[in-house]
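Line by line, the protein sequences are chains A and C.
Quick note on numbering: my numbering labels position 31 of the first sequence as 31, and the sequence is numbered without any gaps.
Quick note on numbering: my numbering labels position 136 of the second sequence as 1136, and the sequence is numbered without any gaps.
Just so you know, these hints were derived from the structure itself, not from any lab.
There's no promise every hint is true.
To be verified - For lysine-lysine, the following DSSO-like pairs were computed, each having C-alpha atoms within a straight-line distance of at most 30 Å:
| # | chain 1 | residue 1 | chain 2 | residue 2 |
| --- | --- | --- | --- | --- |
| 1 | A | Lys9 | C | Lys1583 |
| 2 | A | Lys9 | C | Lys1047 |
| 3 | A | Lys42 | C | Lys1088 |
| 4 | C | Lys1088 | C | Lys1571 |
| 5 | A | Lys10 | C | Lys1274 |
| 6 | C | Lys1023 | A | Lys6 |
| 7 | C | Lys1208 | A | Lys6 |
| 8 | C | Lys1023 | C | Lys1260 |
| 9 | A | Lys42 | A | Lys10 |
| 10 | C | Lys1053 | A | Lys10 |
| 11 | A | Lys9 | C | Lys1653 |
| 12 | A | Lys6 | C | Lys1426 |
| 13 | C | Lys1583 | A | Lys42 |
| 14 | A | Lys6 | C | Lys1583 |
| 15 | A | Lys42 | C | Lys1023 |
| 16 | C | Lys1583 | C | Lys1571 |
| 17 | A | Lys10 | C | Lys1088 |
| 18 | A | Lys6 | C | Lys1571 |
Stated by the list, open to error - Facing chain A, from chain C, some residues (calculated, C-beta under 8 Å):
| # | residue |
| --- | --- |
| 19 | Val1052 |
| 20 | Arg1063 |
| 21 | Ser1204 |
| 22 | Arg1207 |
| 23 | Val1562 |
| 24 | Gly1595 |
| 25 | Phe1596 |
| 26 | Leu1599 |
Where is the CB? At the ideal position from N, CA and C, for every residue including glycine.
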Amino acid sequence: MSVTDKQRKKENRGAALQTWIARRSSRNRTLIDRICRRLIEKAVATDPERDFMRDPLIDNDPGFDPDELDRFQRGESV
Amino acid sequence: MPAPVPFDPEDVAAAKGKPRAAKPGIVTRKTICQTCDIACSVVSEVKNGRVVKVRSSDNPLFRDHICMKGIVAPKGYANPNRITRPLKRVGARGSGNWEEVSWDEAMSDIGVRLKAIIAEHGPEAWAVSTSQWNTGTDHGLGRRIMNHIGSPNWISGVALCAGNTAAVNRFTYGWFPLGDFGSTNCIVLMGHNPRRHSWTPIYSAVRKAQARGAKLIVMDPRKSSNAERADIWLPLKAGSDTAMMFGWLKVIFDEELYDKDFVETWTVGFDELKARVDEFPLDRVAELTGCDPDMIAAAARMYATSGPATIPWTPITDMQRNSTSGIRLQSILRAVCGYIDVPGGELLQGFHPDIIPESEIEMHHVLSEAQKMKQLGNQDHPAFTYRGQAAFREPMKRVWGYDYPNQVTGCYMANPSATFRAMAGKGPYPVKAFFFLGNNPMMSYANMPMIIDGMMNQHLIVAHEHFMTPSAQLADYVLPGDSWLERPWLSDGFGWMSTYRPSEQAMEPPGEAKSTFEFWKHIAAALDRADLVPWENLEAFYDYRLAATGQTFRQLSTETDVYLTVPKYRKYETTGFATPSGKVELKSSVLESLGFDPLPYFREDPPEDPDYPLKLFTGVREDGFFQTGHRHISEMRERHPEPVAFVSPGTAKRFHLEEDEWVAVENELGSISIMISIRDTMPDGLVRVPHGWWKPEMPQGIEGLSGARKYADAQLCRDDEDYLDREQGIPHLKGVPCRIRKLVETAPARADESALEVAK
């Protein structure tokens, strides 16, 4: 399986573009950054009916109350 | 076809893809979870100076990279039994009695005692064990100080988990690659079973790849959740992975499915390898693996023709008597099929050119050759020691720009078993000082009885920990470590990838808990070498490493949560491979020069022992725990209240076992108590035992070690020569002879909330 120069250029351009989009998306400040983020959001979006990452334990996690954590740390609650 | 993912519309809760509204009184910090070693990018929500919630990152690159262990972290680290002040042992070692001291008092005494040990026995008498999670990376500072002081005896759990893979991959093509899940057409999981709550990003990547049509091949003795979703599942015998890969190569070579251009141009040793592969006709492989030869051939064809494909890292081949050959065969499959450093294949990333890697911080070049050659275990099992990696120094410099690039911290280690033997007084020289950081070494390596002997034979043991683990219970000093919520971090994927991610400090550490950076800065000063850690604090240290980027750590972490470099493919066409020949060494010149078989081979199991008719597979990971941690968190213990061994219905019937029955699983090394769970997914004759069980609520001290002596799987992990990989000296944990003995004692009730209160 040999790789042509054309394929290599295409691969390299694709990698450079993807990296640029990921970099701008991660910065997320300017309009272009936000457009890049939107592109990635669309690219990684999953049909809800096939969303294998949905998990009630995670999705419904309420977090903790800071005062309760303080009491727990002092051994006043379990 | 892969099975569909079960879907319950009620499970779809928070809408995704939309900005999260700011909550009143909540400050957010971009953090990286270090509850396990996968290091997910997450967001920590802070209220009143305390992290009250850990949630998924807002960055779509990392969305949903979070698991149950991450979300419970704020409570886990708020546990009232967390160590927050330095503790000094009172009474005999393992007495379980402690007094609080200051950091200054502790460090003053530690410095005096460590210097005395070095003066009497030499610097090699000081050994350190750590891993790169829990109390976190030690930034290369531990190695840096040891290298200057003169000790080569650094060990880590990565010796049998990814670090050794990194070192062994070099024998073939001079670097440890990372699979390109985003573009791959085929994924091969060898016993590894990433799940929603275990190795979450890899689980997500595999599912996404399948969703866009990539093939999934799973080799696993049990019908794992990934096996259920695989295109091909090969239910091989535990420990026969190496034989299976020989079978794949036999098909690929016989049917000429390999990349002939690449093999001809970029490999050496093809004819010798082919001759070795010819020793494994499919009927022999079928006998060795227990799998149908047609399915073996079908899987081989799928891997070779669906490409580019990836064989992601797996812990399974890291922990077998044929580990070196197994890892070599993975790398050979990748190479001969033309999947190295191509999109969708296996990327050789190198380090980021703008950031000083931890390898440089470690300064391996200052350790003299004479001291390097004293590294424990390097004569019998040199693969990942200085001696075993010495031949790569020039090629690494030529290709990757560094003399000692230490991927996954696993490329210049002492052998753990040899180190513990020396600690126990049975080595070539004594080891008398042992430090460990977030590592619980007693339960993290093979042959726990010998580790205990070694620890009891020490003059000085220092632990840096969150909790009073069984290992910490044998220390002279237990110093309080901070958590990932309480410190900044600059993650480089353990030197495995060129991408960096900053993690912001989200809250202050409790009491006098300190980072590994501060720990080593104190140790350097205690050894009169404060110059070795000149940076004032962790952020200043990161600023130094980031200087070439033109940004400070704070600027970088404010601007982004990922610092990327543009990937380049087929870099070997310019630089060659980082091997002595500059090519992919199917026949390894380095292994040959070390006196080993330069080609992969397969050692069959020793003859069956009628006293131990079953095979033991240790290392089962429960979703709520990572390694030996998290047994103190009630939410996790409710999920896994007791250690549970999995057996098949056939095995249960043969040995008259019942569900939830307590039994002893034992072999020639030791015995553990465990509950039985009968699973349809298990093959007959195999017993799967979970890793790292102890109970923080049980009495501390040498006698019981908080249940470690009763439950810990490390008591069953042998490290005699029959059960060690020859080249690395790592133990065989996947298919060791064992038996199940029924216990007459009444089974204890499952743990309830009140039982989780730690015994004082």
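Here is what the structure says about each hint:
1. A:Lys9 to C:Lys1583: Satisfied, since the Cα-Cα distance of roughly 24 Å is no more than 30 Å.
2. A:Lys9 to C:Lys1047: Status violated; Cα separation ~50 Å.
3. A:Lys42 to C:Lys1088: Not satisfied, since the Cα-Cα distance of roughly 55 Å exceeds 30 Å.
4. C:Lys1088 to C:Lys1571: Not satisfied, since the Cα-Cα distance of roughly 53 Å exceeds 30 Å.
5. A:Lys10 to C:Lys1274: violated (35 Å)
6. C:Lys1023 to A:Lys6: violated (51 Å)
7. C:Lys1208 to A:Lys6: Given that 30 Å is the threshold and the Cα spacing comes to 28 Å, the pair holds.
8. C:Lys1023 to C:Lys1260: Distance of about 59 Å is beyond 30 Å: violated.
9. A:Lys42 to A:Lys10: holds (22 Å)
10. C:Lys1053 to A:Lys10: violated (43 Å)
11. A:Lys9 to C:Lys1653: violated (61 Å)
12. A:Lys6 to C:Lys1426: violated (62 Å)
13. C:Lys1583 to A:Lys42: violated (41 Å)
14. A:Lys6 to C:Lys1583: holds (25 Å)
15. A:Lys42 to C:Lys1023: holds (26 Å)
16. C:Lys1583 to C:Lys1571: Holds, at roughly 12 Å.
17. A:Lys10 to C:Lys1088: violated (62 Å)
18. A:Lys6 to C:Lys1571: This hinted pair holds, its Cα atoms lying about 17 Å apart.
19. Val1052: Since the shortest Cβ distance to chain A is 5 Å, the answer is holds.
20. Arg1063: holds (7 Å)
21. Ser1204: Holds. Min distance 6 Å.
22. Arg1207: This interface hint holds because 4 Å falls under the 8 Å limit.
23. Val1562: Check passed: Cβ of C:Val1562 comes within 5 Å of chain A, closer than 8 Å.
24. Gly1595: At about 37 Å, which exceeds the 8 Å cut-off, the nearest Cβ of chain A leaves the hint on C:Gly1595 violated.
25. Phe1596: Because about 32 Å separates C:Phe1596 from the closest Cβ in chain A, which is outside the 8 Å limit, the hint is violated.
26. Leu1599: It is violated, given that the least Cβ distance between C:Leu1599 and chain A is near 25 Å, above 8 Å.
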